[in-house]
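Kindly produce the complete structure, drawing on both the sequences and the hints.
Below are the chains, spelled out letter by letter.
Number of protein chains: 2
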Amino acid sequence: MIDPWGSSNVDYEKLVQQFGIKPFKDLLNDLTDPHLLMRRGIIFGQRDYGRIVKAIRDKEDFAVITGMMPSGKMHIGHKMVVDQIIWYEKHGADIYIPIADMESYSARGVDFEASRELAINEYITNYIALGLDFKKSNINVYLQSKNLLVNDLAYVLSKKVTFNEMKAIYGFNGSTNMAHMQAPLIQVADILHPQLEEFGGPKPTVVPVGPDQDPHIRLTRDIANRFKNQLNFIAPSSTYHRFITGLTGGKMSSSQPKTAIFLSDSIEEAENKVKTAKTGGRESLKEQQEKGGDPINCVIYEMLLYHLMESDEKLQEILEDCKSGNIMCGECKAHTADLMKKFFEEFSSKRKKGAKNAEKVLDGAKVC
Amino acid sequence: MIDPWGSSNVDYEKLVQQFGIKPFKDLLNDLTDPHLLMRRGIIFGQRDYGRIVKAIRDKEDFAVITGMMPSGKMHIGHKMVVDQIIWYEKHGADIYIPIADMESYSARGVDFEASRELAINEYITNYIALGLDFKKSNINVYLQSKNLLVNDLAYVLSKKVTFNEMKAIYGFNGSTNMAHMQAPLIQVADILHPQLEEFGGPKPTVVPVGPDQDPHIRLTRDIANRFKNQLNFIAPSSTYHRFITGLTGGKMSSSQPKTAIFLSDSIEEAENKVKTAKTGGRESLKEQQEKGGDPINCVIYEMLLYHLMESDEKLQEILEDCKSGNIMCGECKAHTADLMKKFFEEFSSKRKKGAKNAEKVLDGAKVC
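Quick mapping for you: the protein sequence lines, in order, are chains A and B.
Per our numbering: the first sequence = residues 1 to 368.
Per our numbering: the second sequence = residues 1 to 368.
Since the hints were derived computationally from the structure, they do not count as laboratory data.
Hints are all accurate, no fakes.
Since the list gives no way to pick one copy over another, a pair counts as held whenever it fits inside one copy or between any two copies.
Straight-line Cα separation of at most 27 Å, BS3-like style, residue types lysine-lysine; simulated pairs:
#, residue 1, residue 2
1, K136, K360
2, K73, K159
3, K291, K314
4, K146, K159
Okay, here's the thing in structure tokens:
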């Protein structure tokens, strides 16, 4: 049997084993309509996700928290997070979207005003264009530096965290600046504040992250437990997703433009970038006809897997055609580039509309 | 020549020499009507106070910042700070009174709500009763935890401070909790925020403190200089005052009730506490008639010096009568107890009035 969602990246498996992250697939059948990213194993791990499954099923209050750090441009890999938010929103979650301007200042030197501009013109604009409806009342977006409640909570929580712990988790040392040391605690408060009385009290919450963010999650869950008696927190749940591979085969990164399709790229740029991406093709056409392609190590296949092919059946067909040598990279690339072109045609026009409304989103935000 | 204001405590002199604090008396003649605490050398040291003298003389903008940490009860030694605020207010200063609820939480475990109650019912009530008129538009009182601007500024400033520095100044170590480590930086922001554009931009500022607070002042001045280019701060000035001696001869401390006359004491309690205080009397009446008393080591004399004797001439008379053996402790105590009784008679009735208005002060505060 072929597993169309298998990953060549063994690190993800290791993470699951080493740090107590549980496989997501264990809970997959408990969801009546799992998201494409869940069905395809891109969301591969979870902690305490059973609480979220139950909340969805029983239509109980729950919240999703997923921040954006305004620094640089969004690439197509970031779309994954927005797709998840939209899915959760449809399944009854309250959505909290902190804009990490404090972290962006201490980690990247971006001042609060510049963060605000970037959040509006890049991030919120893209979120709108990707289909997130900020007019819905259950979506809360805020700048960390403008949220007194979150800052106060961070301070309250900080009393039960020592420098030694922060050092062990983040590798801080004596020359670490004090703002940098505080940033993770602001993030802990971002994640826990939806459980304050002001927001309806303790409830299941989930944070969808990449596995690199797991130290934050573990710290947050630890702190939640330390304040269990005072603030009745339920330790937040989390899910872990794989990252899309960059165009050149390594990591897709905004700071390395050759690796990324940016959401602000023109239709032509996006289309052309697909055409030049690294595939899982063999050295010769003859070899590929004999052995078939290697879709698991193919950027083009990942584009379909993550973003461009909604139908599982069609994706399975392409996978089998590739593996059996029935379809060559040229044809597959042309097809995928065409899908990307169509996506960007629609997306670019939505982006223009989104830009007009993005500023209002932040000004009208329900921030305490 | 007799120096009626001399201190037996040599540590104050050492401080001036070791840490670069300048004697206050150097600038005394530049003030047209120095406060009693200045004239009498109770305010004994300063840093960059020339800026403040100039601002007073030229009627230029300047600010005074003096916080209150709501923990425990106020004693008569604390009156000194309020006396200074009132003097500065009359001399054209904008007054900033941060209520250090964040510090009180991290240092003493007092939660924000309890701090607020204590600030209203004890501190602000006493400040009103001591004569501070909160209705004046140039007085800004705020809770740290409710002042977003101060919290944001603290974070911005924290980027140029390392853990090693905080360790060197405050003796922090690996087991220090993160809230405790942040508290001094909130205080730095308390002191510097009156110089932000929102409050009229850079201006001379002064912080009246006890010498134990000088490490905070030095840190604040250092940080102000580090942000000179970005935020144009003028390094804050400071003054240093001696502490009134406790009733039993040591430190007057709210946590040791036998040492202190509390502002919430009844008239009788206050009067009786004076009567039982340690004096600079000799072992026998005869010895005292011959050698005279020792007013420099007399709690009763300090009560007059700091609080109960406005006239310098009369104080000088008492001093000389004591030193020459013309007045014995019994008589002097009775006189001082009577003055204390009169002070408390007036103060207690003002305190009742103050209590009614204290809550309004905080709710109507011009907090950003």
